[in-house]
Structure formats: C-alpha cells, structure tokens
Amino acid sequence: MSDLVIAGRTFRSRLIVGTGKYPSHAIMKACHEASGADMVTVAVRRVDISRKTESLLDYIDTSKIFLLPNTAACFTAADAIRTAHLGREAGMSNWVKLEVIGDEQTLFPDNEGLLEATRVLVKDGFVVLPYTNDDPVMCRKLADAGAAAVMPLGAPIGSGLGIQNPNNIRIIREQAKVPVIVDAGVGTASDAAVAMELGADAVLMNTAIAGATDPVMMARAMKLAVEAGRLAYLAGRIPRKLYASASSPLQGVVGS
Amino acid sequence: MTRHLMMIKLNGDPHQLAQPLSVSALLAQLEIDARRVAVELNLAVVKKAAYDSSLITDGDEVEIVNFVGGG
Numbered sequence: 001m002s003d004l005v006i007a008g009r010t011f012r013s014r015l016i017v018g019t020g021k022y023p024s025h026a027i028m029k030a031c032h033e034a035s036g037a038d039m040v041t042v043a044v045r046r047v048d049i050s051r052k053t054e055s056l057l058d059y060i061d062t063s064k065i066f067l068l069p070n071t072a073a074c075f076t077a078a079d080a081i082r083t084a085h086l087g088r089e090a091g092m093s094n095w096v097k098l099e100v101i102g103d104e105q106t107l108f109p110d111n112e113g114l115l116e117a118t119r120v121l122v123k124d125g126f127v128v129l130p131y132t133n134d135d136p137v138m139c140r141k142l143a144d145a146g147a148a149a150v151m152p153l154g155a156p157i158g159s160g161l162g163i164q165n166p167n168n169i170r171i172i173r174e175q176a177k178v179p180v181i182v183d184a185g186v187g188t189a190s191d192a193a194v195a196m197e198l199g200a201d202a203v204l205m206n207t208a209i210a211g212a213t214d215p216v217m218m219a220r221a222m223k224l225a226v227e228a229g230r231l232a233y234l235a236g237r238i239p240r241k242l243y244a245s246a247s248s249p250l251q252g253v254v255g256s
Numbered sequence: 257m258t259r260h261l262m263m264i265k266l267n268g269d270p271h272q273l274a275q276p277l278s279v280s281a282l283l284a285q286l287e288i289d290a291r292r293v294a295v296e297l298n299l300a301v302v303k304k305a306a307y308d309s310s311l312i313t314d315g316d317e318v319e320i321v322n323f324v325g326g327g
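Line by line, the protein sequences give chains L and W. Read in order, the letters of the first sequence correspond to residues 1 to 256 in my numbering. Read in order, the letters of the second sequence correspond to residues 257 to 327 in my numbering.
Check before you lean on any hint, since a few could be wrong.
[As the list claims (entries may be wrong)] Simulated pairs of lysine to aspartate or glutamate, EDC-like, Cα-Cα distance not exceeding 16 angstroms: (1) W/Lys265 - L/Asp48; (2) L/Lys52 - W/Asp289; (3) W/Lys265 - W/Glu317; (4) W/Lys265 - W/Asp314; (5) W/Lys303 - L/Glu89; (6) L/Lys29 - L/Asp214; (7) L/Lys177 - L/Asp144; (8) L/Lys241 - L/Asp214; (9) L/Lys64 - L/Glu89; (10) L/Lys52 - W/Glu317; (11) W/Lys304 - W/Asp314; (12) L/Lys141 - L/Glu89; (13) L/Lys29 - L/Asp48; (14) W/Lys304 - L/Glu89; (15) L/Lys64 - L/Asp38.
Hints were generated in silico from the structure; no laboratory data involved.
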C-alpha cells in the first residue's frame, strides 16, 4: 500500500488524528501510538499566564509525529491568517489546517473566507490544507487557489454521523488534482472505512477516538478501518446488483 | 520621585512591568519555555531570532500562544 504524499512530504499512515478532548494526555499518547498516525492536529491558544499547565508537547514525540496546527474557532479570514502565522512560529513548519468557520452551531465552513484565507496563506508560503464542505466545486476552487490538499467534511465536526454525502466524496476524489482528506464526521470504524473505500486519500478525526468509551481500542479500530478501506478501494469492489449470482457451481448438485 | 510603572496588555489582560523588557526577558520572567511558544507584539509575529532585540514598552499589546489539544 503506497504512502500518503502531501506537498512532497510522505506519511506512512493515512489516518490523521487530533489532540483534543482525550480523558488525559497519557491516554492521548497511547491513542496516537495505537492509531499509527504520523500527523496530528493541534490548536493555537493563549498561554495560561496565571498557572503552570502541563505542555501538550510533552506527550507528542515530534521526531515521529508531524504537527499540523489548525485555525479552529476562527470566524474570519483575518483571524485564521493571524493564527496560521502564530502556529508557524510556534511549530516551525509552514503547514496549516485552515478553518474559517461560518456558523457556531454547525461549525460549517465559511467558504468565502476560506478561499480568501487560502489565497493569502499560499502567497505567504504556507502549505494550506483547508477544511471545507463536501462540495466538488468548492474543492476545485481551493485546489486552484493553491491548497496542497482539500479536506471535505463527512458530517459536522464532532457529530459522529458518518459520511453523509458519499457520492460527493467520490466526485471530489475523481476531480481533485490534490489529495482528498475526509475531515470530520466519523463516528466509528465503518465510517472511516467507507471514506477510504470512496477513494479518500486519508481521514482526519478527533472526537471519534477521544470520545470513545475505550479511546485506545478505538484508535486501533480506526487504524485497521483506514487500512481495510484503502485496500478495498485499490482492490476494486464488485458492482452492485439487484439479484443473486451463485458462488457455488450449479452443475453436479447431488440428486439432480 | 515616584517610579513610573509601565502597563502592557498581555494575552488580553493588563500586565504591569517595572521597565521595558525584551521578549526573551518577559518570557523568562513568566517562566515560559521560549521554544514552545509564539509571540505577537502589536499584532506582528516576533521571530524567535528577534526575541532578544524586540523591546516591549508601555502600552504594547503582547500575545503569547502555544499548542493545545485540538482537532
């Protein structure tokens, strides 16, 4: 199974995981190991000046795991651009998971702001991975603007609803010139497998693992699901048919 | 003569300084590991190489950020 390549950088795993909402940093670390992921997302936030807090980075082996800073909770292109620049300085890489959010309740992207921020950040030398709708036209515009990959949602962030519009994901994969990463909406392993069977190059998730009753076991389930889905996609599934076709020979049946 | 104390805005809150400080000195005073943060001075990101030479003075707005868990 070939590696995932984004902007010339090679990743062994096609599963990208988050670092938020785990019961503890230790459990997060164990999940990262069980998932096999070699890229994780992180958020950029103000340092708590008033008290000493445990550093997230003490629990991520950055010699093995690539950090992808996000611009979560940014509602304007300007805020996302500002956050991306801070993330670059904090992390010393020019990659950004670009989010420009348009609605608090659904956390759906503001595609107008997203496209604007993509253009600016590409010009500023960033490798931009925008989180977007499952809209093939928007994905094409983002790729044309210089996005290194497109990250259509499967369903709203943290919803666990699974891939709501599989046909669009297929179309996006068929049309996109850049890797397609299904980002958000995965609830359980079969959702991740479906995304990969549709042709996604990778899947990004956080809540599905962090919020599971046994997060470490779910991380392993997701690793296997992503691998299984990728293999099934490459193997080429049989066409769907309405009626049966026997698997065993019809000749030589006893008593015939 | 009373000593004039400087006020800056640090991560959105008022913060008192006894004298102008470099970014490096402020981070040291706050016991923050400079390698793991990014600093913005009056809306401009300060490159790590410029921490020693960038001076924070009265009325400045400083943001210090780091990575936290997120998706």
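Hint check results:
At roughly 14 angstroms between alpha-carbon atoms, lysine 265 of chain W and aspartate 48 of chain L fall within 16 angstroms of each other, so this suggested pair holds. With a CA separation close to 11 angstroms, the supplied pair lysine 52 of chain L and aspartate 289 of chain W stays within the 16 angstroms bound. Between the alpha carbons of lysine 265 of chain W and glutamate 317 of chain W the distance comes to roughly 5 angstroms, so the proposed pair stays at or under 16 angstroms and holds. Only pairs whose Cα atoms come within 16 angstroms are accepted, and lysine 265 of chain W paired with aspartate 314 of chain W is accepted, the gap being roughly 9 angstroms.
Among the hinted pairs, lysine 303 of chain W with glutamate 89 of chain L is consistent with the structure: their alpha-carbon atoms are about 7 angstroms apart, no more than 16 angstroms. Annotation: proposed proximity of lysine 29 of chain L to aspartate 214 of chain L holds, straight-line Cα distance about 14 angstroms (limit 16 angstroms). Taking the CA atoms of lysine 177 of chain L and aspartate 144 of chain L, the gap is about 9 angstroms. The hint holds against a cut of 16 angstroms. A C-alpha spacing of about 38 angstroms is found between lysine 241 of chain L and aspartate 214 of chain L, which places the hinted pair above 16 angstroms, so the restraint is violated.
Straight-line distance between C-alpha atoms of lysine 64 of chain L and glutamate 89 of chain L comes to about 20 angstroms, which puts the hinted pair past the 16 angstroms bound. With a C-alpha separation of about 22 angstroms, the suggested pairing of lysine 52 of chain L with glutamate 317 of chain W is violated against the 16 angstroms cut-off. About 22 angstroms separates the Cα atoms of lysine 304 of chain W and aspartate 314 of chain W, which puts this hinted pair outside 16 angstroms; it is violated. Distance hint between lysine 141 of chain L and glutamate 89 of chain L is unfulfilled; the C-alpha atoms sit about 28 angstroms from each other, more than 16 angstroms.
Straight-line distance between C-alpha atoms of lysine 29 of chain L and aspartate 48 of chain L comes to about 22 angstroms, which puts the hinted pair past the 16 angstroms bound. Only pairs whose Cα atoms come within 16 angstroms are accepted, and lysine 304 of chain W paired with glutamate 89 of chain L is accepted, the gap being roughly 8 angstroms. Straight-line distance between C-alpha atoms of lysine 64 of chain L and aspartate 38 of chain L comes to about 6 angstroms, which keeps the hinted pair within the 16 angstroms bound.
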